[in-house]
Amino acid sequence: MNVVKRRIILRFPPQSGDKPLSYVLVKDYDIRINILKAEVMPGKRGSLLLEMEAKQSNLDKGIAYLEAHHVECQPLDKRISFNSEKCISCGNCTAVCFAGALTMNPGTWLLEFNKDECVACELCVKACPLKLFDIDFRDEN
Amino acid sequence: MILSKTYSEINEKIKRGEAVVLTAEEVAEMAKTCSPEEIVEKVDVVTTATFGAMCSSGAFINFGHADPPIRMEKIRLNGVPAYGGLAAVDTYIGATSANSNNPEYGGAHVIQDLIDGKNIILEAWGKGTDCYPRKHIKTVINKESVNEMILFNPRNAYQNYNVAVNTTSKIKYTYMGTLLPNMRNATYSTSGELSPLLNDPEFKTIGIGTRIFIGGTTGYVVWPGTQFHTSRPKDENGVPVTNAATIAVIGNLKEMSSEFLQAAYYEKYGVSLFVGIGIPIPVLNVEMAKRVSINNSQIQTSVLDYGSPGTPKLGQVTYEQLRSGEIEVNGQKIRTAPVASLAKARQIANLLKDKISKGEFFIQEPIQLFPSDTSLKKLAEIDIDDEGGTL
Chain A
1 MNVVKRRIIL RFPPQSGDKP LSYVLVKDYD IRINILKAEV MPGKRGSLLL
51 EMEAKQSNLD KGIAYLEAHH VECQPLDKRI SFNSEKCISC GNCTAVCFAG
101 ALTMNPGTWL LEFNKDECVA CELCVKACPL KLFDIDFRDE N
Chain B
1 MILSKTYSEI NEKIKRGEAV VLTAEEVAEM AKTCSPEEIV EKVDVVTTAT
51 FGAMCSSGAF INFGHADPPI RMEKIRLNGV PAYGGLAAVD TYIGATSANS
101 NNPEYGGAHV IQDLIDGKNI ILEAWGKGTD CYPRKHIKTV INKESVNEMI
151 LFNPRNAYQN YNVAVNTTSK IKYTYMGTLL PNMRNATYST SGELSPLLND
201 PEFKTIGIGT RIFIGGTTGY VVWPGTQFHT SRPKDENGVP VTNAATIAVI
251 GNLKEMSSEF LQAAYYEKYG VSLFVGIGIP IPVLNVEMAK RVSINNSQIQ
301 TSVLDYGSPG TPKLGQVTYE QLRSGEIEVN GQKIRTAPVA SLAKARQIAN
351 LLKDKISKGE FFIQEPIQLF PSDTSLKKLA EIDIDDEGGT L
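Chains A and B, in that order, give the protein sequences. Under the numbering used here, think of the first position of the first sequence as 1, with each following residue one higher. Under the numbering used here, think of the first position of the second sequence as 1, with each following residue one higher.
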């Protein structure tokens with residue numbers, strides 16, 4: 001069975017901070033996890049960008065486990081909005097995208113956005129002079 | 001073999017639909033296998049273009065008179081301050097002027113909204129005079145309601161521009177984009193071998209009166225741009241290796257399109273305007289053929305530290321290196337990124353090429369050439385006493 005890799009934003013309610021959820025993901029569901037970004041506001045909420053690598057069935061079970069513990073799970077690419085129609089391919093966002101998600105095509109010099117490489121650093125949100133990016137990491141919207 | 005051509009000969013060929021027009025990138029490629037002499041014979045016009053943020057841009061607008069009339073001395077367009085020091089209903093809205101309640105919206109956005117046909121709130125105040133009794137007006141204007149809107153940009157299309165890096169440990173927000181600490185990125189702006197003023201570095205064909213593409217329509221070069229600087233260090237080809245000359249340009253804003261004129265906001269810097277400019281260069285002789293043949297490996301520019309006072313120079317690189325995605329400065333490999341759109345510049349160069357090929361755009365010989373011996377002055381800080389006199 002093929003191993004799949006997904007980047008998921010996890011949103012923790014205030015009461016879930018004391019549970020070793022990521023430990024369970026690794027031990028019980030055999031999911032390789034890589035924490036790409038984390039923001040924990042004790043007593044309020046927490047957001048985590050997790051790259052999870054596992055068999056699809058284990059990944060599904062792991063996410064079901066998280067959701068059973070009131071952790072919201074959303075694929076990262078669903079939380080990124082980019083208004084590509086208005087993009088002028090100036091390249092300003094590629095200057096800050098150290099993750100390599102935003103690159104210039106070396107032939108056409110048009111912007112290419114590979115959301116699978118995004119680490120939600122949000123530098124592009126500020127760097128884009130046309131304000132075409134939005135990344136909803138903390139559920140502020 | 002034809003080794004020289006006149007403007008009228010080239011324009012005759014354009015009229016007959018026989019002119020051979022190439023973009024500056026195409027002629028740079030051609031020059032790898034053709035001599036300058038062959039290029040003069042084969043090519044009539046080379047199109048160049050750029051699409052970058054150019055802060056020194058803005059527009060004159062005449063609103064028409066209200067009844068009763070007002071001498072507008074303080075003017076706001078969607079809350080953005082416009083100049084109130086012209087005649088009663090004339091103004092100049094500068095691209096970088098910003099709405100104090102919303103600094104991300106500025107003159108560039110007003111300009112873009114106007115060309116997109118949107119309504120703009122005009123509010124103006126005057127002291128009231130015998131001939132202009134009114135003291136206040138608040139109304140709505142748009143592209144159709146105003147008499148004239150004229151884009152007039154005092155400094156555009158820089159001939160070469162520096163590469164920006166940041167050696168400090170803190171992120172720097174600049175007009176050259178967001179510069180990561182410890183030289184983790186380098187940004188550059190010029191369209192290299194496609195850039196207008198790099199293809200005619202001594203201004204043999206670009207001068208006052210040159211007909212150009214600007215913002216989606218036909219416009220003109222009206223003057224050397226401000227900070228026009230011909231005394232910068234040059235390489236062995238006579239091409240400046242840092243920001244040097246500029247042009248002042250004009251065009252009918254009513255005919256322009258936001259496809260080629262785009263408002264921008266730079267974090268912690270302010271508002272600017274992306275301007276699309278295309279300039280045709282006639283291949284008059286062998287010298288011009290050599291000039292337009294220049295390629296990215298032959299054009300150099302300076303790497304400056306935008307994090308340190310006085311922006312010290314750290315190195316010199318070619319556009320070929322910049323386009324490769326990585327440069328080396330002081331032994332450190334740095335990832336590069338453009339901050340101006342080469343894709344848009346290419347679109348403009350090809351559009352202009354099509355227009356000339358179809359006989360819809362003719363080459364205008366400059367009415368007057370630019371000066372060749374200019375330099376830049378610094379602003380001196382002179383102590384002033386309480387009465388305004390110098391000490």
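By construction, these hints were calculated from the structure, which means they are not laboratory data. Do not rely on the hints blindly, as some may be mistaken.
Unchecked claim - Lysine-lysine pairs mimicking BS3-like chemistry, simulated, CA-CA at most 25 Å apart:
1) A:K86 / B:K254
2) B:K74 / B:K313
3) B:K118 / A:K131
4) B:K32 / B:K42
5) A:K55 / A:K44
6) A:K37 / B:K170
7) A:K131 / B:K355
8) A:K5 / A:K115
9) B:K313 / B:K355
10) B:K254 / B:K355
11) A:K131 / B:K42
12) A:K5 / A:K131
13) B:K42 / B:K204
14) A:K126 / B:K268
15) B:K143 / A:K86
16) B:K170 / A:K126
17) B:K170 / A:K86
18) B:K377 / B:K42
19) A:K86 / B:K268
20) B:K13 / B:K355
Problem - 25 Å limit on alpha-carbon distance, applied to hinted pair A:K126 and B:K268 - result: At roughly 9 Å apart (the allowed maximum being 25 Å), B:K268 and A:K126 satisfy the hint.
Problem - Proposed proximity, A:K115 with A:K5 (alpha carbon, max 25 Å) - result: 13 Å, holds
Exercise for the section: Given the hint that B:K74 pairs with B:K313, test it: the Cα-Cα distance must not exceed 25 Å. Expected result: The hint is violated at about 42 Å.
Handout entry: Straight-line alpha-carbon gap B:K118 to A:K131, limit 25 Å
Key = It holds: about 20 Å lies between the C-alpha atoms, which stays within 25 Å.
Problem - Restraint check for B:K32 with B:K42, where alpha carbons must lie at most 25 Å apart - result: Cα-Cα ~14 Å, so holds.
Problem - Restraint check for B:K13 with B:K355, where alpha carbons must lie at most 25 Å apart - result: 13 Å, holds
Exercise for the section: Quickly compare the C-alpha distance for B:K170 and A:K126 to 25 Å and report which way the hint goes. Expected result: 16 Å, holds
Handout entry: Pairwise hint evaluation, B:K355 against A:K131, where the allowed Cα distance is 25 Å at most
Key = Not OK: A:K131 and B:K355 at ~33 Å, beyond 25 Å, violated.
Practice task
Verify the proposed pairing of B:K313 with B:K355, using a straight-line Cα cut of 25 Å.
Solution key: Distance ~41 Å between B:K313 and B:K355 Cα, so the pair is violated.
Practice task
Take the C-alpha atoms of A:K86 and B:K254, compute the straight-line distance between them, and say whether it is at most 25 Å.
Solution key: Cα-Cα ~21 Å, so holds.
Practice task
Would you mind confirming whether the straight-line C-alpha gap from A:K37 to B:K170 stays at or under 25 Å?
Solution key: Holds - the C-alpha atoms of B:K170 and A:K37 are around 20 Å apart, at most 25 Å.
Problem - Restraint check for B:K170 with A:K86, where alpha carbons must lie at most 25 Å apart - result: Given that 25 Å is the threshold and the Cα spacing comes to 30 Å, the pair is violated.
Of the numbered hints stated above, those contradicted by the structure are hints 2, 5, 7, 9, 11, 12, 17 and 18, listed in ascending order.
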